[in-house]
Amino acid sequence: MPHDPPMDPDLPNEFQQKSHASTVFFCLLLLAVFVTALSWSGKRGRELKPKGQAPTLEAAGWVNGEAPTKESLAGKVVVVEVWATWCGPCRKMLPHMVKLNNQFEDRGVIFIGLTSEGEDKVETIQSILQNAGAHWRNGWGAGQTIQELGTEFLPSAYVIGPNGQIMWSSADGGDLPEILEQILKQVDSRS
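In numbering that gives the first Met the number 0, the protein residues as written are 0 to 190.
Calculated from the structure, these hints are not laboratory results.
Hints may contain errors.
With a straight-line Cα cutoff of 27 Å, these simulated BS3-like cross-link-like pairs (lysine-lysine) come out [said to hold, decoys possible]:
no.: 1; residue 1: Lys48; residue 2: Lys184
no.: 2; residue 1: Lys98; residue 2: Lys69
no.: 3; residue 1: Lys98; residue 2: Lys48
no.: 4; residue 1: Lys91; residue 2: Lys120
no.: 5; residue 1: Lys98; residue 2: Lys184
no.: 6; residue 1: Lys48; residue 2: Lys69
no.: 7; residue 1: Lys69; residue 2: Lys184
no.: 8; residue 1: Lys50; residue 2: Lys184
no.: 9; residue 1: Lys75; residue 2: Lys184
no.: 10; residue 1: Lys50; residue 2: Lys69
no.: 11; residue 1: Lys48; residue 2: Lys75
no.: 12; residue 1: Lys98; residue 2: Lys120
no.: 13; residue 1: Lys50; residue 2: Lys75
From just these sequences and the hints, can you work out the full model?
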């Protein structure tokens, strides 16, 4: 059997060259992990920016209280939940909203519900709210306000800051309790 001649160390050996492909792949992987971590950290704890002045919360009628006025809401953090009696996901969300209301109402957060449904649904609205333990004001016949909020899907939630600006909507994503904590911290830091 013939033996291979010894390799000359001064000549390049393609079998001994280190591949740069694995190094490039590893660097790209690290970059992807870094960018993902950076985007995650940017979504948590970021300062929420106002999206514009909230419309006046008007409705044809109200259950669980009188219509809110701009004066009664001034300086308050307000959660507006847009829902409908026929909307299954809205009704499933209601116990969660009751829990949030109980958690945040002592801290000055006001919850308000709005539906575009008319007077013919008032008894149904009252029954659903009562069965869920939702005692906050709910406006019916609020189609114009719902449109002015830019609502595209039900349920939709909005957080209005103490200055009357829309600070967050459910379309922005995120966890509502975390969003409320963030806004309350911003309010506390400015006080």
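Tested hints:
{"no.": "1", "hint": "Lys48 - Lys184", "in the structure": "14 Å, holds"}
{"no.": "2", "hint": "Lys98 - Lys69", "in the structure": "26 Å, holds"}
{"no.": "3", "hint": "Lys98 - Lys48", "in the structure": "26 Å, holds"}
{"no.": "4", "hint": "Lys91 - Lys120", "in the structure": "18 Å, holds"}
{"no.": "5", "hint": "Lys98 - Lys184", "in the structure": "20 Å, holds"}
{"no.": "6", "hint": "Lys48 - Lys69", "in the structure": "21 Å, holds"}
{"no.": "7", "hint": "Lys69 - Lys184", "in the structure": "23 Å, holds"}
{"no.": "8", "hint": "Lys50 - Lys184", "in the structure": "18 Å, holds"}
{"no.": "9", "hint": "Lys75 - Lys184", "in the structure": "13 Å, holds"}
{"no.": "10", "hint": "Lys50 - Lys69", "in the structure": "18 Å, holds"}
{"no.": "11", "hint": "Lys48 - Lys75", "in the structure": "17 Å, holds"}
{"no.": "12", "hint": "Lys98 - Lys120", "in the structure": "25 Å, holds"}
{"no.": "13", "hint": "Lys50 - Lys75", "in the structure": "17 Å, holds"}
Checked against the numbered hints listed earlier, the structure breaks none of them; every hint is satisfied.
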